[in-house]
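Visitor: Spelled out, the chains give:
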Amino acid sequence: MQPDWPGQVHRELAAAGVRVVGYVPDAGHKQLIELCQADRSMRAVLLTTEEEGIGLAAGAWLGGEKTVLLMQSSGVGNLVNVLGMVQVCRFPLLVLVTMRGEQGEFNPWQVPMGQTTARVLETMGVAVRQAGEAETVAAHVHTALRLAFEAQGAEAVLIAQRVIGIKSFEEQRGE
Amino acid sequence: MKLPRRDVVSELLRERGELLVIAGLGSTAWDITAAGDSPLSFPLWGAMGQAAMMGLGLALAQPRRRVLVITGDGEMLMGIGSLATIGVQQPANLTVVVIDNERYGETGMQRTHTAEGVDLTAIAAACRFKHAITVTAELVSLRELVYRTQGPNFAAVKVVDEKLPLVLPPHDGVLLKTRFRRAVLGDSADVLAEKR
Chain A
581 MQPDWPGQVH
591 RELAAAGVRV
601 VGYVPDAGHK
611 QLIELCQADR
621 SMRAVLLTTE
631 EEGIGLAAGA
641 WLGGEKTVLL
651 MQSSGVGNLV
661 NVLGMVQVCR
671 FPLLVLVTMR
681 GEQGEFNPWQ
691 VPMGQTTARV
701 LETMGVAVRQ
711 AGEAETVAAH
721 VHTALRLAFE
731 AQGAEAVLIA
741 QRVIGIKSFE
751 EQRGE
Chain B
91 MKLPRRDVVS
101 ELLRERGELL
111 VIAGLGSTAW
121 DITAAGDSPL
131 SFPLWGAMGQ
141 AAMMGLGLAL
151 AQPRRRVLVI
161 TGDGEMLMGI
171 GSLATIGVQQ
181 PANLTVVVID
191 NERYGETGMQ
201 RTHTAEGVDL
211 TAIAAACRFK
221 HAITVTAELV
231 SLRELVYRTQ
241 GPNFAAVKVV
251 DEKLPLVLPP
261 HDGVLLKTRF
271 RRAVLGDSAD
281 VLAEKR
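Those protein sequence lines, which keep their order, are chains A and B.
Each residue of the first sequence is one higher than the last, beginning at 581 in the working numbering.
Each residue of the second sequence is one higher than the last, beginning at 91 in the working numbering.
Warning: the hint list may mix true and false statements.
[As the list claims (entries may be wrong)] Beta-carbon label-pair distances, calculated as ranges:
(1) T226(B) / R699(A): 47 to 53 Å
(2) D251(B) / E715(A): 57 to 63 Å
(3) V230(B) / V691(A): 54 to 60 Å
(4) R591(A) / M199(B): 28 to 34 Å
[What the hints assert, rightly or not] Per the computed footprint, the stretches of chain B lying under chain A, defined by three or more beta-carbons under 8 Å from a beta-carbon of chain A, are:
(5) 122-129
(6) 145-153
(7) 172-181
(8) 200-210
The hints are simulated quantities; they were obtained by calculation from the structure and are not laboratory data.
Don't be surprised by glycine CBs; every beta carbon is placed ideally from N, CA and C.
Produce the complete structure using the sequences and hints provided.
Guide: Right under this line is the structure:
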């Protein structure tokens, strides 16, 4: 049986004192989003585009609170210009990215951004950790939390598509 | 009638007390600096479209303080979705003021969407801002909105499309961030947060 990585990640976020969770709805993050919404110590903020999360996180940090952003790999492309501010101001940043365009992707239009997600982040100064198995996600998040908020780092954890489950057209129809 | 932008911003920031201010890049960053630089101001030099979202993050983190976003119409248009995001969160302490000259002032005064009749105030009202007004003359109600009225509040202030001398704030992002956090959080700004 797969370990309960969303539950483990939620416990890591809570233990680190994360108070704001910016998210764009995503099937891979469904459980984690629901855990954060149910957690009364956290404010889950629904975004219209991933870019808004960068402003949200920066503003919350100016006011003394920690933010984590949840998105899928396609959304990383929407962050590029505003990551310049993260770099120039050394704002702490933690982005948890569920991957599309990898193993068993059913939608070819997801592939280009999925294949370049890590490179795009690294190009804009965000350190990337690859969580390839469900067992390793929480440990990567633990490390990234420390680097983001104790060393003012910009950090991303990429959660592989095989961890979140592979979408097929049949599954989509059944939803 | 259209108002002179620097007079509007100076009047808004007069006796500002504990008010926290985020200014969008370009003219509004110069406007708040012309009114008097402050550690409780965060002028943006980039991240176009994110001023209102930074105001939201700040308002959520500091619910007991009033937060004001001052930005231009072009900057607001680039982050127009953030009005919907703020409308869902309903921060009572946040006001977004758009200094609307209907022009992209930094790039040669090209006309923006608001010059063609796009109504930012109507958009904010439709996004569930509690109060959304367009200001063309007196500023009393605007100060009331920023300092006292339960938000989220929105105002578009129609201003003259004048080109004014640049009054530049500090541009070191780390300095701007650190001085702001120290001014808001005191000594704890520089100390590793304890796990709660």
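Visitor: Run every hint past the structure and note whether it holds.
Guide: Here's how the hints hold up against the structure:
no. : hint                          : verdict
1   : T226(B) / R699(A): 47 to 53 Å : 49 Å, holds
2   : D251(B) / E715(A): 57 to 63 Å : 60 Å, holds
3   : V230(B) / V691(A): 54 to 60 Å : 57 Å, holds
4   : R591(A) / M199(B): 28 to 34 Å : 53 Å, violated
5   : 122-129                       : violated (count 0)
6   : 145-153                       : holds (count 8)
7   : 172-181                       : holds (count 5)
8   : 200-210                       : violated (count 0)
Figure legend: structure checked against the earlier numbered hints; hints not met, in rising order: 4, 5 and 8.
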